[in-house]
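Use these hints to put chain B onto chain A, whose structure you have.
Here is how the chains run, residue by residue.
Number of protein chains: 2
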Amino acid sequence: MTFPVVGMVGGGQLARMTHEAGIPLGIRFKLLSDTPQDSAAQVVNDVVVGDYRDLDTLREFARGCDVITFDHEHVPTEHLRALEADGVAVRPGPDALVHAQDKGVMRARLDAIGVPCPRHRIVSDPQDVAAFAGEGDGFPVVLKTVRGGYDGKGVWVVDSVEEAAEPFRAGVPVLAEEKVDFVRELAANVVRSPHGQAVAYPVVESRQVGGVCDTVIAPAPDLDEDLALRAEEMALRIAKELGVVGHLAVELFQTRDGRVLVNELAMRPHNSGHWSQDGAITSQFSNHVRAVLDLPLGDPRPRAKWTVMVNVLGGDYPDMYSAYLHCMARDPQLKIHMYGKDVKPGRKVGHVNTYGDDLDDVLERARHAAGYLRGTITE
Amino acid sequence: MTFPVVGMVGGGQLARMTHEAGIPLGIRFKLLSDTPQDSAAQVVNDVVVGDYRDLDTLREFARGCDVITFDHEHVPTEHLRALEADGVAVRPGPDALVHAQDKGVMRARLDAIGVPCPRHRIVSDPQDVAAFAGEGDGFPVVLKTVRGGYDGKGVWVVDSVEEAAEPFRAGVPVLAEEKVDFVRELAANVVRSPHGQAVAYPVVESRQVGGVCDTVIAPAPDLDEDLALRAEEMALRIAKELGVVGHLAVELFQTRDGRVLVNELAMRPHNSGHWSQDGAITSQFSNHVRAVLDLPLGDPRPRAKWTVMVNVLGGDYPDMYSAYLHCMARDPQLKIHMYGKDVKPGRKVGHVNTYGDDLDDVLERARHAAGYLRGTITE
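As given, the protein sequences belong to chains A and B, one line each in that order.
Numbering of the first sequence is given in UniProt numbering, commencing with residue 1 and proceeding in unit increments.
Numbering of the second sequence is given in UniProt numbering, commencing with residue 1 and proceeding in unit increments.
Hints should not be assumed to be uniformly reliable.
Unchecked claim - Ranges between beta-carbon positions, derived for each pair:
| hint | chain 1 | residue 1 | chain 2 | residue 2 | range |
| --- | --- | --- | --- | --- | --- |
| 1 | A | G171 | B | Y317 | 33 to 43 Å |
| 2 | A | V157 | B | G87 | 56 to 66 Å |
| 3 | A | G375 | B | Q37 | 39 to 49 Å |
| 4 | B | D51 | A | G64 | 23 to 33 Å |
| 5 | A | G356 | B | G136 | 44 to 54 Å |
| 6 | B | D226 | A | G64 | 55 to 65 Å |
| 7 | B | D357 | A | K153 | 45 to 55 Å |
Said to hold, decoys possible - Here are the simulated lysine to aspartate or glutamate pairs, DMTMM-like style, with alpha carbons at most 20 Å apart:
| hint | chain 1 | residue 1 | chain 2 | residue 2 |
| --- | --- | --- | --- | --- |
| 8 | B | K240 | B | E264 |
| 9 | A | K305 | B | E178 |
| 10 | B | K179 | B | D257 |
| 11 | A | K240 | A | D299 |
| 12 | B | K305 | A | D299 |
| 13 | A | K179 | A | E264 |
| 14 | B | K153 | B | D214 |
| 15 | A | K305 | B | D299 |
| 16 | A | K179 | A | D226 |
| 17 | B | K305 | A | D357 |
| 18 | A | K179 | A | D159 |
| 19 | B | K305 | B | D257 |
Bear in mind the hints are in silico, worked out from the structure with no lab data behind them.
Here the structure is a predicted model, which is why all the values come from computation and not from measurement.
Every residue, glycine too, gets a C-beta built ideally from N, C-alpha and C.
Chain A on its own, in the form it takes in the complex (with noise of 0.2 Å):
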């Protein structure tokens, strides 16, 4: 056999559906995960449980892997560093993983290429926020911590120098921004390969509930054609600039007056890309199956005119199978995808996409599903 041995660090959702990916592609998928219980431990043969921010176990896995890429971006810089010098792939690299790793250095490099941004800089202190706030609108002033944020931890929307006080206690950098007044959230997701091809899924629409992704839809609805183009350049000429291998999420505010600002990015397999599964010709998973290894890259293309993401989040309701009965009954077209998570409220414990021709349709049916799973729909 001379298949390859993909090694994914991290036993998320997102590590579980890269293995469901790979199956058909004949490759070995080995998983580092932090206990036999997370979400793709459960499903893939090959588990190493250790700790990822350990550069011993790290070698130790990376030794019976061809390549190595990643569930998360929290694997240290130091470590991803260590690994290429010690020969290993490790895809995205650390020279562009750690633009999605550190929002400072991110916002760095993209004024340095000329990606248009919200107005930001690294502040030192809450008199800092408000000097920040004075050079610009005022307040409100987002609050980031440089590193380790996602789904709305670690970031803050202040109003006042006194709120401003809270994201300086854990004594990290943070970057202030300016609270952007956007129309509606896009992303443009792309991937590339080491050889420097790439491809891009049709810009989408992403709705957020509390800082949390609850809704995608492909592709975005009512997007100008130019506007569409644009941020898709835009992501493409990103993972090109940084070097970036496997799947790039660029998160963006579309502003009232037409233009597209980056939010945030993500080197992974990312939540505004899940519709893809469905949707796409070739869906993220499977496209970033390929691009770490090198291999030609699938069609990124929609199989339907509208697909549609809605996240499954816990409820109070700890019993999702048996919401299966009337949500499968219901709609025999609906698409569940289940990560094997205990429920616990607010979680990311699942998704559901659909697909047709009428969106408000496409639409309802998602949303009926994900809120029956949560159990807030009961009928």
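Same frame as chain A, now just chain B:
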């Protein structure tokens, strides 16, 4: 977690692809495999290595499962009855599965419910074969061992009483059948759940080479609508009358005079249904899982006008992975499904699916990819 455990007996590619289809449903998948290297054992987390012919092994395996189902038909019927007596949910159950295990039982039952089959009877020796030939149009006659045959194994087409000696050498019961003057082979795939819901996939054309399935076209081109409907109804009726739970493949001969006759039955996901992974709204594997769990079934309708599956057989060249570069670059829409098996000449090691609006193009793409992977096409 209230999600059930589905146990599958047999570690072949059907179990591998059933696991893949089960991952998004969040179910737990447990495998009884002959070896840790079997196709499915490579990708499943919870693998028991053991002998499916041993009742104690089966009993121990079944204790950890909410339902057990099968990758193949080789588990002894009496063991399945013992498991059922223990209270295990065996799906399909032995009373159904025996019809896919024993061609004599199958023919007798189909006769009893009035389903058209080739002329047939159990024969006792070569002279009896000659008598059977004489009762019809003479030689050639098809002889089959009633148990254990597949992919052309255990099947002989004999032209004389002398040639008829071979099948009797093993000392097992032999079924004689007329050699049907067929136009082509079709397959009607249906899925049925314990509470009686059933879905029918479009009837497909199945082309064999050397007794082994080579190409499947979905739906069967130029198939008379009435005949297609009759074939689907026949398969649904067989599923109901025999009490099948899960996937049922009914392999059919389309005769020159416009009839369909049942050739074989398989009660598991089937090679003639692999196209559904990329060509149907719900794949046969996903619907098999849903059926054995008594969940509502998914929509079996096609997503594309034409879907073609071509099997990848082992050739002289063992390194199929290096062929990925050419195949993926040539056709970004190609769907490769490899089974993790070592390449041996003639062995089914994978399949490819293609889909689109132009059948000639879809056929050419699938044939090219399968031939290139096998090594019979080199440009």
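Tell me if the beta carbons of G171(A) and Y317(B) are separated by a distance inside 33 to 43 Å.
60 Å, violated
When you take the CB atoms of D226(B) and G64(A), is the distance between them in 55 to 65 Å?
58 Å, holds
Checking one constraint from the list: CA of K179(A) to CA of D159(A), max 20 Å. Satisfied?
Holds, because 10 Å separates the two Cα atoms, which is no more than 20 Å.
Is it true that the C-beta distance of V157(A) to G87(B) lies inside 56 to 66 Å, as the hint says?
The hinted range 56 to 66 Å holds for V157(A) and G87(B), with Cβ atoms some 58 Å apart.
Are K179(B) and D257(B) close enough, with their CA atoms no more than 20 Å apart?
15 Å, holds
Proposed proximity, D299(B) with K305(A) (alpha carbon, max 20 Å):
Cα-Cα ~18 Å, so holds.
Given the proposed pairing of K305(B) with D357(A), does the C-alpha separation stay at or below 20 Å?
This hinted pair holds, its Cα atoms lying about 16 Å apart.
Starting from K305(B), check that the Cα of D299(A) is at most 20 Å away, please.
At roughly 18 Å apart (the allowed maximum being 20 Å), D299(A) and K305(B) satisfy the hint.
Given the hint that K240(B) pairs with E264(B), does the C-alpha gap stay at or below 20 Å?
17 Å, holds
Please check whether D51(B) and G64(A) have a Cβ separation lying inside 23 to 33 Å.
30 Å, holds
Given the hint that K305(B) pairs with D257(B), does the C-alpha gap stay at or below 20 Å?
27 Å, violated
Sort out whether E178(B) lies within 20 Å of K305(A), counting only the CA atoms.
Since the Cα atoms of K305(A) and E178(B) sit roughly 50 Å apart, the hinted pair is violated (cutoff 20 Å).
The structure does not agree with the numbered hints 1, 9, 16 and 19 stated previously, though it agrees with the rest.
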